[in-house]
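Novice: In case you want the letters, here they are:
Number of protein chains: 2
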Amino acid sequence: MAEPSTRSTRDVLTDVLLDITARRGLDAVSVRQVAAAAGVSIGTVQHHFPTKDAMLTAAFTEVVRRIRERVANVVPGPDVPRNLAAVLRELLPLDERRSAEVRIQVAFAARAATAPALAALQAGILAEVTESIAEVIALARHGEDGPEDTRRKAHIALAAVDGLALHAVSSGDWLDPSTLTDAVDHLIGTLLAQ
Amino acid sequence: MAEPSTRSTRDVLTDVLLDITARRGLDAVSVRQVAAAAGVSIGTVQHHFPTKDAMLTAAFTEVVRRIRERVANVVPGPDVPRNLAAVLRELLPLDERRSAEVRIQVAFAARAATAPALAALQAGILAEVTESIAEVIALARHGEDGPEDTRRKAHIALAAVDGLALHAVSSGDWLDPSTLTDAVDHLIGTLLAQ
Chain U
1 MAEPSTRSTR
11 DVLTDVLLDI
21 TARRGLDAVS
31 VRQVAAAAGV
41 SIGTVQHHFP
51 TKDAMLTAAF
61 TEVVRRIRER
71 VANVVPGPDV
81 PRNLAAVLRE
91 LLPLDERRSA
101 EVRIQVAFAA
111 RAATAPALAA
121 LQAGILAEVT
131 ESIAEVIALA
141 RHGEDGPEDT
151 RRKAHIALAA
161 VDGLALHAVS
171 SGDWLDPSTL
181 TDAVDHLIGT
191 LLAQ
Chain Z
195 MAEPSTRSTR
205 DVLTDVLLDI
215 TARRGLDAVS
225 VRQVAAAAGV
235 SIGTVQHHFP
245 TKDAMLTAAF
255 TEVVRRIRER
265 VANVVPGPDV
275 PRNLAAVLRE
285 LLPLDERRSA
295 EVRIQVAFAA
305 RAATAPALAA
315 LQAGILAEVT
325 ESIAEVIALA
335 RHGEDGPEDT
345 RRKAHIALAA
355 VDGLALHAVS
365 SGDWLDPSTL
375 TDAVDHLIGT
385 LLAQ
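One line per chain: the protein sequences are U and Z, in this order. At position 20 of the first sequence the residue is numbered 20 (our numbering), and the sequence of numbers has no breaks. At position 191 of the second sequence the residue is numbered 385 (our numbering), and the sequence of numbers has no breaks.
Here chain U stands alone, though its shape is the one from the complex (with noise of 0.2 angstroms):
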């Protein structure tokens, strides 16, 4: 049966951490820290979230399936160029919401470098998100590549997009959303050229 009252709960408690995290960093992350900020007992945080790893893997799940959501709401036009870039627009941080959400990607990337389990998620959304990448480079390049080289230039593709979030968001403001925006439309144009 469906426990509508605890689901709730669940979303209350992710929503808090979500903020913390990207407002404060994972060392701010404690189930006291967010027992209050939710306004529940420091017993139901730990039901829903009996360790750190467990409340960031919840964070970092519900910043997957947000930006999920916004890239199946990106409308495919002709210009399939121009689709690639909207939908690579969503994993960097142009606005305060997507900020946060790159915050949160790079405090699991950074636990998940040392948390096996926390690396087979990492990998698994990786490789989704790849596979995304290299549909879309193979559309646009009509075949021309094999297998292997779309593969290659998805990978080139996503790490150059997820390394720029991260340098902006590591950096303060050294990079601004134009000087972002600008290197992924260049970066595609020259993957999509040859």
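There could be a bad hint or two in this list.
[Said to hold, decoys possible] SDA-like mimics (lysine to any residue), calculated; alpha carbons at most 20 angstroms apart, straight line:
#	chain 1	residue 1	chain 2	residue 2
1	U	52	Z	219
2	U	52	Z	224
3	Z	246	Z	335
4	U	52	U	23
5	U	52	Z	314
6	U	52	Z	246
It should be emphasised that the hints constitute simulated quantities derived from the structure, not laboratory data.
Place chain Z on chain U using the hints.
Specialist: Showing chain Z alone in chain U's frame:
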């Protein structure tokens, strides 16, 4: 006057820090742990690294110093793209040593996302590395690009390399060394061709 014994203690502590952060993550680093692993008192560790951010900054600064040293030792040949590839490979987790360095850099970037002092240091390093890459690109392109175009390519190159490194260390064995070097070689070829 120089203080050889103090310097040496700090170096030992930095090595221990690098080791713990790379193997078990930033969460595992504590004054107590570093003191135990280095065989010194807690007070000695606190003297050199009064906060966790001070520890992480010392570890990151040491990683940057080591990479700079290795890059300075790359003997440039007549083939400029090859020189660029040799330099960028020093930033990829292609062996245990470089993998440990990338883990430190990712942990530092994650903290820098919510700590302005760390973000300022990160911005300075990124600006310096981007500038160096731009110089090599300008050389390889024989002045065919304008400075803005060269800079954009340097941003893309560094973002792609750091993104690949981030993906590799955070996803277990999802990206192997040959996938990483293939992607970087292809990217260099693409950026230098047009």
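Novice: Indicate, hint by hint, whether the structure satisfies it.
Specialist: Going down the list of hints, with the structure as the test:
no., hint, verdict
1, U/52 <-> Z/219, "13 angstroms, holds"
2, U/52 <-> Z/224, "17 angstroms, holds"
3, Z/246 <-> Z/335, "44 angstroms, violated"
4, U/52 <-> U/23, "17 angstroms, holds"
5, U/52 <-> Z/314, "28 angstroms, violated"
6, U/52 <-> Z/246, "18 angstroms, holds"
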